[in-house]
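> Sequence:
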Amino acid sequence: MFWARVYILTLTLIQKAQRVIEERRCPLEGCDSNGHLSGKFEKHFTLEACPIYHNTTAEKCRQGMEDRKKREESRKKALEYHKKIT
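The sequence shown runs -19 to -1, 1 to 67 under mature numbering (1 follows the signal peptide of the UniProt record, and there is no 0).
Keep in mind that a hint or two might mislead.
[What the hints assert, rightly or not] The calculated lysine-lysine pairs, modelled on DSS-like cross-linking and capped at a C-alpha distance of 30 Å, are:
1. K41 <-> K51
2. K41 <-> K65
3. K65 <-> K50
4. K51 <-> K24
5. K21 <-> K57
[As the list claims (entries may be wrong)] Pairwise CB distance ranges (calculated):
6. Q44 <-> D13: 15 to 25 Å
7. R5 <-> K41: 34 to 44 Å
8. E47 <-> E10: 23 to 33 Å
If you're looking for bench data, these hints aren't it; they were derived computationally from the structure.
We put the CB at the ideal spot given by N, CA and C, even for glycine.
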């Protein structure tokens, strides 16, 4: 019986936390909070992370993150190759 109460309490807390996250919004008028300047997240809640505030789009931010990941992988491969030959 004790574990059932703990489980119900846990579910209640999770549901409340999800509601709080859903209620948070970007302060920029006209922004729907979708996207993130870093490209790593689906939503943002501050002007610093708002793609629209920075005159770009969520899609361009995601693409920029993917490009950065590709460059990082390329650098890692080059370093590994350099270590092997030296």
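> Evaluate each hint against the coordinates.
Here is how each hint holds up against the structure:
no., hint, in the structure
1, K41 <-> K51, "15 Å, holds"
2, K41 <-> K65, "36 Å, violated"
3, K65 <-> K50, "23 Å, holds"
4, K51 <-> K24, "23 Å, holds"
5, K21 <-> K57, "20 Å, holds"
6, Q44 <-> D13: 15 to 25 Å, "19 Å, holds"
7, R5 <-> K41: 34 to 44 Å, "23 Å, violated"
8, E47 <-> E10: 23 to 33 Å, "30 Å, holds"
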